[in-house]
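Asks: Given the structure of chain A, go ahead and fit chain B onto it with the hints provided.
Line by line, the protein sequences are chains A and B.
Anchor point for the first sequence: position 1 equals 1 in the numbering used here, and the numbering is continuous, going up by one each time.
Convert by adding 322 to the 1-based position in the second sequence; the result is the number in the numbering used here.
Everything labelled a hint here was simulated from the structure, so no lab data went into it.
Cβ atoms here follow ideal geometry from the backbone N, Cα and C, with glycine treated the same way.
There may be inaccurate statements among the hints.
[Said to hold, decoys possible] Partial pick of chain A residues on the chain B-facing surface, computed with a CB cut under 8 Å:
1. I48
2. E50
3. C87
4. K89
5. N91
6. D95
7. R216
8. S219
9. F250
What follows is each chain in one-letter form.
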Amino acid sequence: MTIGLPRAMLFYRYGALWETFFKELGCDVVISGETSRQTLCDGIKYSIDECCLPSKIYMGHVYSLIGRCDYILVPRVAGYDGKNDVCVKFNALCDIVRNTFETARVLDYNIDIAGGETELRAFLRMGLILGKSAAHTLSAYRKARLAQAAEDRRKSELQEKALSRRDGMKILIVSHPYNNYDRLIGRPVSRYIEKLGGICVFADAADRVKSLRLSRELSESLYWLYNKELVGAIRLLEDRVDGIILLTAFPCGPDSLVNELILRKSLKVPTINILLDELQAEAGLQTRIESFMDIIGERARAAKAAQGPKEEAAVLCSARKR
Amino acid sequence: MQRTQKVISFPHMGSYHVPIEIFLGLIFPDHRIMTAPRITKRTLELGSRYSPDFVCVPFKYNLGNYIEALELGANVLIQAGGGCRYGYYAEIQELILRDLGYEFEFIKLLSDRVSPLNLYRICRRIGTRLSFRQFVYYLLVAVRMVKIIDETEAYIRENIGFETVPRSFEDLHEEFFKALRKVRTFKSLRAVAREYGRRFRALKTDKPADCLKVGVVGELYTLMEPFSNFFIEKELAKNRIQVSRYITVSFLLFEKRRVQKRVLKAAGKYLKYHIGADGTDSVERAKTLAERGYDGIIHLKPFGCMPEVNAMPMLQNISRDYGIPVLYFSFDSQTSETGVRTRLEAFYDMLVMRKEKCV
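Okay, chain A solo, but in the shape it has when bound (with noise of 0.2 Å):
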């Protein structure tokens, strides 16, 4: 049996349980290709117009594993423990894809802690619809979640690498990990941040339990689990990095308001907010990251030249506190 996982959305939030959990059980597994221009315009156009950029990207990434294995999985979150809720995109994804690809099988799993569907019930639900008993499927559960666990441990350890870094200007990418991690769509911002010289730090792989805790010193009502997480990714690392930039996809629901929050009320570092859509051109990206990063170093050159000659690490950093 073949499952196939899309490359996209929560693939890169839980690709590495997916995986191990399927292989673990004895299927195969297919994971779609990195995107490309084909695959959004795949997307495009098996997508209502006014979806969001990464759903869009999904729906592309969905179409190119039909025929290509016996299930695909797309999962389906409503909402975590307390008061964590998910952008509604994610509470229909399953359903979209069953309405728009009627013939393709689609393996979907369910995550509603309030509605009382947990994880564990969700995927022990699913070895059973691969017809595997239910000791095999736990065990595979609790050996996918360590894989998951290691993944995201190496992520925060290659962070923890590059913040300790000296030798550059170090701009932090807040940014869903669909966005930012995407070869089509993110890559080329942090691609092009790192010619420049900079360190790109990603806020996705922050601490996610610090980070939870650090966002309520941000918003007391905000809902959305994933736009916590990055909003306290922002306090917790602020003050280790000199600019930031807010990578959005257009016309991202908890993002628009999110982002105002951001810019209105995190004010030690420099800011801008750099949007993605379907028709990104590179060159005026590269034009706004570049003044960007020419901005924040000028800024740290001319408090250099009022502080007298001082390593320039340590300047950044004074540059960093006004």
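Replies: Relative to chain A, chain B alone:
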């Protein structure tokens, strides 16, 4: 000595400002209740100027209402919240208004914290001298009034297109609200409801048995605030169409939670899960309307409304499976009225032609 007088204001939505105004007037006899000025182009312009770019348009209308109310001296603003993005409106709107330099008290009624007791506490804080019992009594009167308004307006929607005396419905509608404003007790409310129920039904209409029937579904604000949808219901009525709509405040506040499971089931093969906010209702309603033999469906939403965009693939399938035309509208601060009119006209012509072909 009394502190400076409080001027309490709240944003518009359809004609619901009437019961809210009456309710607040009863609760706060010492303070001034000021409904925000009527929505105009300026409201939307002001709202859009200070709103995030691609936030959904109700946010912009609300913000415009607040600014116009603050300009006239309001100092206590009320915002509700819950579901999708609406739950987070309050915090951002307060932030924007404070950054603009206004001084006011901002009351947030978030859906998960609203109970009569909690509401009472909030009102105590603003400054009511009523006892809890009196408070609940007035609350119930207001709730009942909303229900009566919803029922009356549903009747108007279905019949106003067929009035024989021009403006007869509209005039009576206005008179009805005037009468409601005098209501203080259940007894007087019942009397008004009975009197106007009778008078509305006595208005002469020439509704043919096989008139064109259109259902409107979609996002709550653009459905209920006629300014935001360019008075689409009125336009339809002008063309002698019976208009049905199910999303009302009484549905959202009191029925929705109860029927949620049933709605999902009734949506049949089109939905397995809830798709957020009112999306599920839109799908289920569209299917029901198709089964009941309606001639067309109009789907309204603000631009980028996530739950309603989620509902669109299902609506497209319903349209195909049942052979029922669906017209989709997205509203934003840039939507042109002419564009809406033209599309609506074409839709109407198409419905008429389809009907003639069938006969």
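Asks: Run every hint past the structure and note whether it holds.
Replies: We went through each hint and held it up to the structure:
For I48 of chain A, the suggested interface contact is upheld, since its CB lies about 5 Å from the closest CB of chain B, less than 8 Å. At its closest, the beta carbon of E50 of chain A sits 5 Å from a beta carbon of chain B; the interface hint therefore holds under the 8 Å criterion. Interface restraint check: C87 of chain A against chain B, minimum CB-CB distance 6 Å, threshold 8 Å, status holds. A cut of 8 Å between beta carbons decides the hint on K89 of chain A: the least distance to chain B is about 6 Å, and the hint holds.
Taking 8 Å as the C-beta contact cut-off toward chain B, the hint placing N91 of chain A at the interface holds, the least distance being around 4 Å. Hint status for D95 of chain A relative to chain B: holds, with the closest Cβ pair at about 5 Å, below 8 Å. Because the closest C-beta pair between R216 of chain A and chain B is about 12 Å apart, greater than 8 Å, the hint is violated. Annotation: interface hint on S219 of chain A holds; nearest CB of chain B at approximately 6 Å, less than 8 Å.
Taking 8 Å as the C-beta cut-off, the interface hint given for F250 of chain A holds, the closest approach to chain B being about 7 Å.
Violation of the numbered hints given earlier is confined to hint 7; every other hint is satisfied by the structure.
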